[in-house]
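A.B. asks: Below, each chain spelled out in residue letters.
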Amino acid sequence: MLEIINDYWVYFLIGQYPNGPLGELVLTLLLASCGLVLALPLGIVLGLARVSPWRWLRWPVTGLVFVVRGLPLLMVIFWAYFFLPSVTGVKTDQFTTMLIALVIFDAAYLAEIVRAGIQGLPRGQMETARALGLGYGRAMRLVVLPQALRSMLPSLVNQFVSTIKETSLGYIIGLAEVSFIATQINTQVFTKPAQIYLILGGTYFILCFGLSRFAYWLERRLARRGMSAADPISVPKVSA
Amino acid sequence: MPLFDYSLLLTGKYHDMLVAGLLLSLQLLAASLVLALPIALVVALLRLSPLAPLRWLGFAYVEAIRNIPLLAHMLFWYFGAPELLPEGIKQWLYAGHIEAYSAIIALALYTAAFMAEDIRSGIRAIPTVQFEAGRALGFGFLGTMRRVILPQALRVTVPPLISQTLSLWKNTSIATVIGVAELMYQAGQVESATFRSFESFAFASAAYLTVSLAITGLATWYHHRFPVRTI
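Note that the protein sequences, when read in sequence, are chains A and B.
In terms of our numbering, the first sequence has 4 at position 4, counting the first letter as 1, and numbering is strictly consecutive.
To convert, take the position in the second sequence, counting from 1, and add 240; that gives our numbering.
For the record, the hints were derived by calculation from the structure and aren't laboratory data.
Hints are not guaranteed to be accurate.
Chain B stretches covered by chain A per the calculated footprint, using a threshold of three residues with CB under 8 angstroms from any CB of chain A [what the hints assert, rightly or not]:
1) 332-345
2) 357-371
3) 374-384
4) 392-402
5) 433-446
Derived, one-sided and incomplete: chain B residues facing chain A with beta-carbon distance under 10 angstroms [said to hold, decoys possible]:
6) P293
7) L297
8) W317
9) Y318
10) F319
11) L406
12) W409
13) N411
14) T412
15) S413
16) G428
17) L449
18) V451
Model, not experiment: these values are computed from the prediction.
No residue lacks a Cβ here, since even glycine has one placed at the ideal position from N, Cα and C.
All chains, please: the whole structure from these sequences, using the hints.
C.D. replies: Have a look at this one:
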């Protein structure tokens, strides 16, 4: 196992870069980060639409979220890969295709996180803001969202972990991310598949376990400060 | 050539391929679910056990499985694991449907890790005095679990387990990467044979969506039928 790591670790980390396309673990991380960063604003918009008081906005978005959440990510990737180019006439590369699929997919899940974050806040927050004379939009933006986003932080980190795991599906459209390259190394070495896939699993594990522990720590920390949405009756302590 | 060719989906060879794929996907779902539930229960009990080494074992299982993508699990069980077996068993495995077995093992182990956490938090939602009362009545650890805790915990646990089943259903699609001829794979095959990508993917999407919505419906029904009791 050690000799495989010794022979291939550079390839495993960055692919053929500088002599060829950037790939591998770095690509996995880049894709996951871009995916989450782009999906977040879309997720917030969809989440707001899910809790909005207007039916004409709430119902179609609820339908969309249900459809995307009911489909496997692989199906979304297939649509992005085969269907999008034929409709738009633009042939996107694998990275962009994967990114589009991830953003659509994650936005639907983030919408639910945002909705839970908003609904987890005490109703009085919204009512107070409206009573102070703020409109719906301003009350949402200035009072409700900042608190909701804060209590969502651990869920966001967990969503990042899921996104890292999801990028592995780029394998199927031939995106040179870490699972794909592990398979290529496997065909070169040929005799040690178990070891190679254990290294692959170990790589994901180190990344994701570290991040999920971070989310756990964050959750405990926010809960201690009484800012967790899981505890709806908590109010900020006023020092006497 | 019509814009959307229904006949392709309703009759003939390609219809049969897609339906066979759907049936295989459902079989994968059933087989992995049947395997995953007992594993999940055992792991959940390990995580709650009074003995520290057993607790660690449960924790290691859950974290090791959950933090690695299902794709990597599948690749390992398909390409890696059979190579480690003795020659005789290997021959026998390669003669059969090894890809389907690998997929079921990967799916069951993966889902079990998530279900174990749901069962564990269901059990933890039961007040500790219930457990103490069971012990005081003279039941052992397992006896208390089986007769006192689990019947109550299941009410809270079933809804998250149903949503894990939904994830499992969507995850069966990943079996396509190791060449299991399930719905996603057959949709790809039909697409490459006919170049009618819209029709074949529409069929697959509709099939996935129908089963997903059925599972969601089941969860809603359960929620109404057995509302969570507050003590």
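A.B. asks: Confirm or reject each hint.
C.D. replies: Do the hints match the structure? See the list:
A count of 0 residues in the stretch 332-345 of chain B with a Cβ less than 8 angstroms from any Cβ of chain A is obtained; the coverage claim is therefore unmet, three being the minimum. Under a criterion of three residues with beta carbons nearer than 8 angstroms to beta carbons of chain A, the stated coverage of the stretch 357-371 of chain B fails, only 0 such residues being counted. Look at the stretch 374-384 of chain B against chain A: 0 of its residues bring a Cβ nearer than 8 angstroms to a Cβ of that chain, fewer than three, so the hint is violated. Counting residues of the stretch 392-402 of chain B whose CB lies closer than 8 angstroms to any CB of chain A gives 0, which falls below the minimum of 3, so the coverage claim is violated.
Restraint check on the stretch 433-446 of chain B versus chain A: 5 residues with Cβ-Cβ distances below 8 angstroms, three needed, restraint holds. This hint is violated: B/P293 has a C-beta 20 angstroms from the nearest C-beta of chain A, more than the 10 angstroms allowed. Hint status for B/L297: violated, given a least beta-carbon distance of 16 angstroms to chain A, over 10 angstroms. Hint status for B/W317: holds, given a least beta-carbon distance of 9 angstroms to chain A, under 10 angstroms.
Restraint check, B/Y318 versus chain A: the minimum CB separation of about 9 angstroms is within 10 angstroms; hint holds. With a cut of 10 angstroms, the hint placing B/F319 at the interface with chain A holds, because the nearest CB-to-CB distance is about 4 angstroms. Contact between B/L406 and chain A, as hinted, is supported at the beta carbon level, the nearest pair being about 8 angstroms apart and thus within 10 angstroms. The beta carbon of B/W409 is positioned within 10 angstroms of a beta carbon in chain A (closest approach about 8 angstroms), and the interface hint is therefore held.
Taking 10 angstroms as the C-beta contact cut-off toward chain A, the hint placing B/N411 at the interface holds, the least distance being around 7 angstroms. Checking B/T412 against chain A by beta carbon gives a least distance of about 8 angstroms; that is within 10 angstroms, so the hint holds. With its C-beta approaching chain A no nearer than about 4 angstroms, B/S413 sits inside the 10 angstroms limit, and its interface hint holds. Satisfaction of the interface hint for B/G428 is found here, the shortest Cβ-Cβ separation to chain A being roughly 8 angstroms, below the 10 angstroms cut-off.
Interface restraint check: B/L449 against chain A, minimum CB-CB distance 5 angstroms, threshold 10 angstroms, status holds. Restraint check, B/V451 versus chain A: the minimum CB separation of about 8 angstroms is within 10 angstroms; hint holds.
Of the numbered hints stated above, those contradicted by the structure are hints 1, 2, 3, 4, 6, 7, listed in ascending order.
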